[in-house]
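Enquirer: Listed below are the residues making up each chain.
There are 2 protein chains.
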Amino acid sequence: MDTLKRNYNPVTLEIAKELERIVGEKFVIYGDQEKLETFSHDEISEAEYAHMPEIAVRPTTVEEIAAIMKLANRTNVPVTPRGAGSGLSGGAVPIYGGIVLSVDRMNKIIEIDRDNMMITVEPGVVTNEINDFVKDSGLFYAGYPMSLETCYIGGNVAENAGGGKAIKYGVTGRYVTGMEVVTPVGEIIQLGGKLVKDVTGYNLIQLMVGSEGTLGIFTKITLKLIPLPKSSVDLLCLFETAEDAIAAVPKIMTTGGIIPTAIEFMDKTSVQAACEYLNETIPYQEAGAMLLITVDGASVAQVEQEYNAIGELCLDTGATEVYVADNFTTSERIWKVRRNIAEAFKVISPHQSLEDIVVPIAAIPKMVCGLGKLSKKYDCSIPCYGHAGDGNLHATPVMNPKWSLEKWRKIRPELLTEMYNLTAELGGAISGEHGIGHKRKKEMSLFVSQCYIDILRSIKLAFDPKNILNPGKIIDA
Amino acid sequence: MDTLKRNYNPVTLEIAKELERIVGEKFVIYGDQEKLETFSHDEISEAEYAHMPEIAVRPTTVEEIAAIMKLANRTNVPVTPRGAGSGLSGGAVPIYGGIVLSVDRMNKIIEIDRDNMMITVEPGVVTNEINDFVKDSGLFYAGYPMSLETCYIGGNVAENAGGGKAIKYGVTGRYVTGMEVVTPVGEIIQLGGKLVKDVTGYNLIQLMVGSEGTLGIFTKITLKLIPLPKSSVDLLCLFETAEDAIAAVPKIMTTGGIIPTAIEFMDKTSVQAACEYLNETIPYQEAGAMLLITVDGASVAQVEQEYNAIGELCLDTGATEVYVADNFTTSERIWKVRRNIAEAFKVISPHQSLEDIVVPIAAIPKMVCGLGKLSKKYDCSIPCYGHAGDGNLHATPVMNPKWSLEKWRKIRPELLTEMYNLTAELGGAISGEHGIGHKRKKEMSLFVSQCYIDILRSIKLAFDPKNILNPGKIIDA
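For the record, the sequence lines run as chains A and B. With our numbering, letter number 421 in the first sequence gets 421, and the count goes up by one each step, no holes. With our numbering, letter number 101 in the second sequence gets 101, and the count goes up by one each step, no holes.
It is worth saying that the hints were derived from the structure and are not from the lab. Please read all numbers here as calculations on a predicted model, not as lab measurements. Mixed in with the good hints there might be a few duds.
Unchecked claim - When the alpha-carbon atoms are kept at most 30 Å apart in a straight line, the in silico DSS-like pairs for lysine-lysine are as follows:
hint : chain 1 : residue 1 : chain 2 : residue 2
1    : B       : K268      : B       : K336
2    : B       : K346      : B       : K442
3    : A       : K220      : B       : K441
4    : B       : K220      : B       : K251
5    : B       : K220      : A       : K442
6    : A       : K251      : B       : K168
7    : B       : K135      : B       : K268
8    : A       : K108      : A       : K220
9    : A       : K377      : A       : K346
10   : A       : K441      : A       : K376
11   : B       : K251      : A       : K108
12   : B       : K135      : A       : K251
13   : B       : K70       : B       : K230
14   : A       : K230      : B       : K224
15   : B       : K251      : A       : K168
16   : A       : K168      : B       : K135
17   : B       : K251      : A       : K224
18   : A       : K441      : A       : K377
19   : B       : K441      : B       : K70
20   : B       : K220      : A       : K168
21   : B       : K442      : B       : K410
22   : B       : K336      : B       : K251
23   : A       : K224      : B       : K230
24   : B       : K168      : A       : K220
25   : B       : K220      : A       : K441
Construct the entire structure; sequences and hints are all you get.
Expert: Structure follows, in structure tokens:
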């Protein structure tokens, strides 16, 4: 929980008073360590990634945020923006102390524009609320991060969240067409608008998306909506082993000629942990591994044809059973199990490392096989689940309960380096959707060149010459 | 055809010799003004946008390109990269002279990876060849710029080309997952790979896409492929007036609940010009305006259901006739007319300005109505066609044949400013897919703030401190 100091000034009483003048006394947390603790961590289970802020502020307008950034530049105090704190790489953690800027009060849906099929929201809107708001208009926001019941859309945009429906619908960035942004130096800029195509200058929107709060603070976000699918069916395909299940994934994508909405992979340990956590049962949770496959579309007939084709392909490639969930209640029960795996593992042990590796889809079987070998070699369980259809696996090494914490802390980096090296050999990357933050900053260099990192640094400094906004994330600037 | 000089050094005989050593004497054009003239322009019809290079080089390897960029930085000579020269904003035009770097010899398909549904190509591959190569694998590259028979994929990526199928499939950037790039200072970097999700650092790939050759030269491009649609049908919907046709577009997108593959708009003047140019006939080319609507999908039944729904919706909203083209020959005849409109207008008069404005889809009717008023006010025809389904209209003011060239040169900027102001008022942008280049550089400030332009400049200088690569495009750095 220590704060790393690095050429920044401390938050003085004078700065605290100035912040109170900007956002109102009620919305500044200063001096109350218990309340500030909430802002010291995200959803990473291990305490070593947490750091205390010196002060937290909860603005509601773009002008307030611009004023905060100007003050921070003037006084040389770092600012860390924060959404729901549901991140998994430490993006919202104030590693150099300073100011945490929470957007939790900026939670308004600004406009639903049915004619343009767009919605404009503030960054603190909970992702799931967007679909609640638009479904009566026959529209649909296609982002589906696993934390959708708690995470904020601002965080989704900052991390370029992926989630369960990315195979067919792509990740968050595909839907962002416009933004209002406060830059690190406190300027307010408008990017894009309600346009589905726009090549006016560099693609600053997609540079902001996934920048993990280091290039700007989003104060308004315009998202493209699509027609709500008229039909959606889930298949739960059971396999004897993880290898069998995962081998089916590239085949569904290529032989089948159909791009399903989702292909989620869950091994036995993951399913059982989540079922126990939720006190839930799903068919044959003792199966070796499962694929949860969603097909949606504009007509019942089309969806039926597609899920039949996929179901038969799974049976042909080794599935022992295929269950069809064609009503909302059953689908939601299964998806809830999937969504709660990470949470369930956290309850089992905080000494674990939730990883986010991504490999080309054809390399998934090799990756899962390699994870099996690593698990044996290190005598440590590595449950595995994730978005298999896009190659993104949440392998999660968990401390062997027989070990001391010291042993785990020694073995973990070795194991992770070996896992990352295998990922890199297979043409993969260190993070598919959770981001780099400060958790994976050092290990990123296993995947990219020094020249690549130098370019990231020069972009960061072009936006933020004093390195005030969320310093120490992704790279050291 | 003058060359603007601006603190760059001339290409000396010594530099020319050094370039010959790098790429081979045969592949350097120097001193031969007739041959160099080819490299002085793109497809903009007006001569004033052309500028002569001092030398042109035709490398074939990434190492050659890196060596050229290092030489250029050392000697302070600008380098302008060039694809097929089919651009429409002057991106490939060497406005400060110096070196034109043509990628025409880098035309190899490097790998088709069926298991990952990816293709890796060199930048000089003609876009249409990609689909010729992959169709037997049941795969499909979804980019469809109107110049696909001549343009290069490298240029498509540099401009983030849109085209005819962007409503359903998105623009070029959606399909780029990996790149090898030579930076402006001559470093070679690898971006991404065969991953469909990747959040390792800022999204440099999408920053490169659409950077108009100012941030790097792409030497390898990896593209995502998708399953080849099993069925595709075109509808040709005839309307009495342009206003009637365009009013149907937002309704198709919202009321119908179906996202078609394409909705192309062509007014009477455009259709007749292209038919005459091609010596072709299509049904009722004397109709006031047409919508060319494509529906494709995984089954004949699904496509049939969707085109029936759209056809009926068009008839309900004012179409006088709807023709169904359900075979390749008929479809291709109609699409060829659409693809050749720009070429046809160029033959009619070089004194025209092919524009690329884009507005929110719900604002298209207002935009078309405004163009009609401008046409009357300035007594100058403004034929209009384009990708109506995504709001991108190629309005093309053409010089009134009764005018002197001087009069046209006086009226054109006034007319364009008025057109741009209306576009901005409607929430639009100056370019949907053709880019800024040097053609629209000055007018871009009608759409974006000075702070926005300053950010573009700081990014450019972060990549290219000496402003060597394609200077004077998008912004003045």
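Enquirer: Taking 30 Å as the top limit, are the C-alpha atoms of K346 (chain B) and K442 (chain B) close enough?
Expert: Given pair K346 (chain B), K442 (chain B) holds - Cα atoms ~24 Å apart, limit 30 Å.
Enquirer: Does K441 (chain B) lie within 30 Å of K220 (chain A) when you go C-alpha to C-alpha?
Expert: Holds: K220 (chain A) and K441 (chain B) sit about 27 Å apart, inside 30 Å.
Enquirer: If you draw a straight line from the CA of K441 (chain A) to the CA of K377 (chain A), is it 30 Å or shorter?
Expert: holds, 26 Å
Enquirer: Check whether the Cα positions of K230 (chain A) and K224 (chain B) lie no farther apart than 30 Å.
Expert: Roughly 27 Å between the alpha carbons, so the hint for K230 (chain A) and K224 (chain B) holds.
Enquirer: Need the status of pair K220 (chain B), K251 (chain B): alpha-carbon distance at most 30 Å?
Expert: Violated, because 41 Å separates the two Cα atoms, which is more than 30 Å.
Enquirer: Given the hint that K251 (chain B) pairs with K168 (chain A), test it: the Cα-Cα distance must not exceed 30 Å.
Expert: holds, 25 Å
Enquirer: Check whether the Cα positions of K251 (chain B) and K224 (chain A) lie no farther apart than 30 Å.
Expert: holds, 16 Å
Enquirer: Within 30 Å, alpha carbon to alpha carbon, are K108 (chain A) and K220 (chain A)?
Expert: holds, 10 Å
Enquirer: Hey, K168 (chain B) versus K220 (chain A), does the alpha-carbon distance stay inside 30 Å?
Expert: holds, 26 Å
Enquirer: Just to be careful, I want the Cα atoms of K336 (chain B) and K251 (chain B) compared with a cutoff of 30 Å; is the pair within it?
Expert: The given pair, whose Cα atoms are some 26 Å apart, holds under the 30 Å limit.
Enquirer: Does K220 (chain B) pair with K168 (chain A) here, judged by a C-alpha cut-off of 30 Å?
Expert: Holds. K220 (chain B) to K168 (chain A) sits at ~26 Å (cutoff 30 Å).
Enquirer: If you draw a straight line from the CA of K377 (chain A) to the CA of K346 (chain A), is it 30 Å or shorter?
Expert: It holds: about 23 Å lies between the C-alpha atoms, which stays within 30 Å.
Checked against the numbered hints above, the structure breaks hints 4, 7 and 13 and satisfies the rest.
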